[in-house]
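Protein chains in written order, with our numbering: chain H, 1 to 360; chain L, 1001 to 1360; chain E, 2001 to 2269; chain D, 3001 to 3269.
These aren't lab readings, by the way, just hints derived from the structure by calculation. Check before you lean on any hint, since a few could be wrong.
[Stated by the list, open to error] Below, a list of computed lysine-lysine pairs in the DSS-like style, where the Cα atoms sit at most 25 Å apart: (1) L:Lys-1238 - H:Lys-238; (2) E:Lys-2157 - D:Lys-3258; (3) H:Lys-151 - H:Lys-107.
On a predicted model such as this, the values are computed, not experimentally measured, just so you know.
Chain by chain, the residues:
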Amino acid sequence: MSDLNLRDVRKSFGSFEVIKGVNLDIASREFVVFVGPSGCGKSTLLRMIAGLEDISSGDISIGGKRVNDLDPSKRGIAMVFQSYALYPHLTVRENMGFALRFAGVEKDAITAQVDGVAKTLGLNALMERYPKELSGGQRQRVAIGRAIVRKPEVFLFDEPLSNLDAELRVHMRIELARLHKTLATTVIYVTHDQVEAMTLADKIVVMREGVVAQVGSPLDVYDNPDNMFVAGFIGSPKINFVKGVVDSASKTKLKVTLPSYNNSAFDFPITASALKVGDSVVIGLRPQYFGTGGKQKFNLTVELVEHLGGESFVYAGNGSGELLTIATQSARGIKSGEKFEARFDASKALLFTEAGERVR
Amino acid sequence: MSDLNLRDVRKSFGSFEVIKGVNLDIASREFVVFVGPSGCGKSTLLRMIAGLEDISSGDISIGGKRVNDLDPSKRGIAMVFQSYALYPHLTVRENMGFALRFAGVEKDAITAQVDGVAKTLGLNALMERYPKELSGGQRQRVAIGRAIVRKPEVFLFDEPLSNLDAELRVHMRIELARLHKTLATTVIYVTHDQVEAMTLADKIVVMREGVVAQVGSPLDVYDNPDNMFVAGFIGSPKINFVKGVVDSASKTKLKVTLPSYNNSAFDFPITASALKVGDSVVIGLRPQYFGTGGKQKFNLTVELVEHLGGESFVYAGNGSGELLTIATQSARGIKSGEKFEARFDASKALLFTEAGERVR
Amino acid sequence: MNRRLHRIMIYTMLSIAAFVSVFPFLWLIVGATNISPDILSGKATPGHALFDNFVKLTQQVDLVQLFYNSTKIAVIATALTLVVASLAGYAFEIFRSQLSDRIFASLLAMLSIPFAALMIPLFVIMAKLHLINTHTAVIIPTIASIFIIFYFRQATKSFPAELRDAARVDGLKEWQIFWHIYVPVMRSTYAAATIIIFMANWNAYLWPLIVLQTNEMKTITLAVASLLSAYVPDYGVVMVATTLATLPTLFIFFVLQKQFVQGLLGSVK
Amino acid sequence: MNRRLHRIMIYTMLSIAAFVSVFPFLWLIVGATNISPDILSGKATPGHALFDNFVKLTQQVDLVQLFYNSTKIAVIATALTLVVASLAGYAFEIFRSQLSDRIFASLLAMLSIPFAALMIPLFVIMAKLHLINTHTAVIIPTIASIFIIFYFRQATKSFPAELRDAARVDGLKEWQIFWHIYVPVMRSTYAAATIIIFMANWNAYLWPLIVLQTNEMKTITLAVASLLSAYVPDYGVVMVATTLATLPTLFIFFVLQKQFVQGLLGSVK
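Only chain H is shown next, with the shape it has when bound in the complex (with noise of 0.2 Å):
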């Protein structure tokens, strides 16, 4: 058993509140990923499971044990850092065998579960060299190698890809994956990357100034955001967002009418609705939704186009100032100044109250 509970766990530094309650529950096996802004929360979390940071109130339980008070090599953790952290003075054997080291394991024993580790992940040939003789790449594999010898319940990662090249990045990401499904156990992994998230994650947690703003598999985080800002930062590139007031609402629909687009009006199939008349809101359009089709539209004059090859982003307004994003693949003929029609359905679009939380 190794899954891990969360009750209203809170951190201060002094009288600065880092994390702000937090409940969650993970369950074994799960490859969870804490993602935000920098200054979220996200790390402190982290190393608060890990025992590495003192928890100010609430519990952290493992496997169904409370670890408040434990050491982090009591915990059943193993953690990868950022930074590695590989022990620049011993080589790659010694750094893999050094928690059994300290654990009293005999010799032979270790030798034997160094090895068997380092088969799997292709070291063997670089166990007699010390870290600054790896490359980038090499050295977050022995961290996790390290990680790994441990035997854990519960692996930890804080931000392990972020000082890889873009290239090995990937390659790193798919390598994560393989060895998650082989490995099977409890992933927890910190990044500031969206991408890196959804690409990664069973469930997504994202953070926001010491708090939980929405947990989710990554394709529910992205097609149903409960809040504005989830919906801001998560997707690539970022959502569209534009002020709208309401019109009239129904039982079965909702119009909304948007002043920076000469108050042109659009239904929603909304069947009930917290909105009264006259409520500022705002609506939510992906870069990806705009097409031919779609009963919406916006008559917009493209003002930047940025092309990918694959695909291209245009930025277009209607002269407000504003600037909408279009994701397309099909816009390598499109040049600035150009009018054109930006189609869509607003059964996709995402409707948020003017505090930011989600209608619908």
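Since the structure of chain H is provided, determine the placement of chains L, E and D on it from the hints.
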């Protein structure tokens, strides 16, 4: 006139040559991006143009004038640095007027010029602040303002966005593109990020180990890479490379068999070729080129799917260990372990010699 | 709990260390208020002899002249050392090459030679230059302090190279970069160095003792030492003198403390 | 061209500085080969009196005993200072808080008090402990060197926090982290500190002079000084003695030079 010409420019540190003879013509008002992996010499080349590094041999001329031996301040260039390099002991106003002060411009004239630029960039409210009181994005803007105040013929940017977070980076990218339009000067921009290169450049200069690998427009470099290096460096996700052998060659077509895919054969509509039967070749297939149409096909098993929301990346193989990356917008239902046909059009595939040179 | 116990232990240890360091100083001040026999018997409580001791001191030495001499030497030496050492440290780090590194390493090797060993040749040189019994002779050998050059070189490592580049693009010459960029940016480094150099010069003993021969030229530190080496030293008087001699450096320390600590430690997150 | 001229100027300047620093040392060695009157007249060429000077030296002092005393004191003091100062520097940086920073700042303020000012209370303490004329009395006050604590604290800033975290996850206790991770990772810091501490102890003069009273207990540095303070010093003998006294520290410097320079400077890119 602010065109720029490099003639067989070289640079050695001791016996190590980092720039191995670069020839390059940059037209007035062009936005040129130097891109390449770290260590390719792109920053060194920029610093040589700026006059911050001596040139071992060759000639650099700006606006038709040879500048090899001119001081940086006499070359008509301005530079924006990666760390912004604002003078920490001076206010924003003093930072922006610093170069003019040392050029002997009168105080009133400096104030007028600085205020004008500050207005364009929306910096007016920050003029009396010190750099440490500014956010990353504001510092960036001040650094750009400081460059503009000098009214240079050529702007040099050294990875200016790499210290910003992802969202701000996209935002500043758009601002830079706008600024280039407004100022209508020549820009040389160094980055290791191919997305920045693709989206900002009029002309991309791909560098590798001190040599120019290819020069061209973004879409040109994407569609028609000169070699495997450029094909692999530009485009995201990375292009797939598959090894093949020339099976037969006629005047109108070339038949290539792929050993790792059961020697399945593919026909390329090539009219003339330097390739002989039995030659090893490499086929390049961008992840975006796969679909349900096309004459050619691979029978693959899904190993891993990464969902980004709008788009998904499917990593699939045929058991040989090699994985192909396929980018698709309709893979939400796909699960790992599933078998499927990946079809593509051979006319879109790129063909390279074993040495990595493009054949077609 | 384990970790908190750890911290308590560590703070206890540090507090003891602080007390042990501060204790002799407290005793010094207490001693200045006692008469000589009490001091020698180890009396550790304040007495009533402070004024008497001070009067006796002013009868034995010309305090004004001594402080003037000490201040003159320390201020001039500090100013010159700051200029020379910061220029040298900057040059060694910025224009770094294998050759300059080798020169620097040989300079560092010189640190291993005791100053005492160099005094004879230095004395002969000063005699040849007719500088014996002048303050110039006291100051000259201190200016090119290898240690301070080393300190500035280390500090220069934190001076961002891109600032130099930016200044060059902005049209500054090498000396202008040093004066208009390096000096103001590194001001807390200068503050820390000022304290260290001033203290070293103010408290200098061996070399001034040899070079300065008349009472009118001597420093307060030398005067204290000569009071102490009297046949029957009056320890009360010595302690008043010592306390007075310590005040200027303590004053400088507290004036520059903020920059000093900032320059050396960085601030708590 | 402009820039190259700059560099040439700078190298010329540095070379002169290096020469000025090395020059007195060369004169010292040359002096050891000359007779006293030649030295005083400023003769700067090698003479033939080296062996005579050495023989005279061995007749006046017990070289073996002196070197034994110096070595014993310097080695023990260096070892103890390394342990105490590195532990304190580590603790001050790792368990950093506003309180510990304030304690540290007050320790640094103590640096501004001349050692001379602390000698009297220290002497009284040593007398009470019946340690006068023992090597223990020489060693004790040097151990808690504020400067070396400061040096270790600065160096600890470059010790990656994630290494501590990794070690904690690997099950190491605080003292095990210090011993098994910090010490080996910081070995060039220790090498540099060893040189600095050893030199300071080897060349110590004032405090040993006061505390050590019989010839059997004295150090080579004290012996050199007493040769020099004779009524008519034989400068040739003094210079031989000084040269000999310098050899051990030079030796240590060259043995540890690589780590020393690495620890202090980092290597050229």
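Distance restraint between Lys-1238 of chain L and Lys-238 of chain H, which requires alpha-carbon spacing of 25 Å or less: holds (22 Å)
field: Agreement of Lys-2157 of chain E and Lys-3258 of chain D with the hint, judged by alpha carbon distance not exceeding 25 Å
entry: holds (19 Å)
task: Please work out if Lys-151 of chain H and Lys-107 of chain H have their alpha carbons no farther apart than 25 Å.
output: holds (17 Å)
Against the hints set out earlier in the document, no violation occurs for any number.
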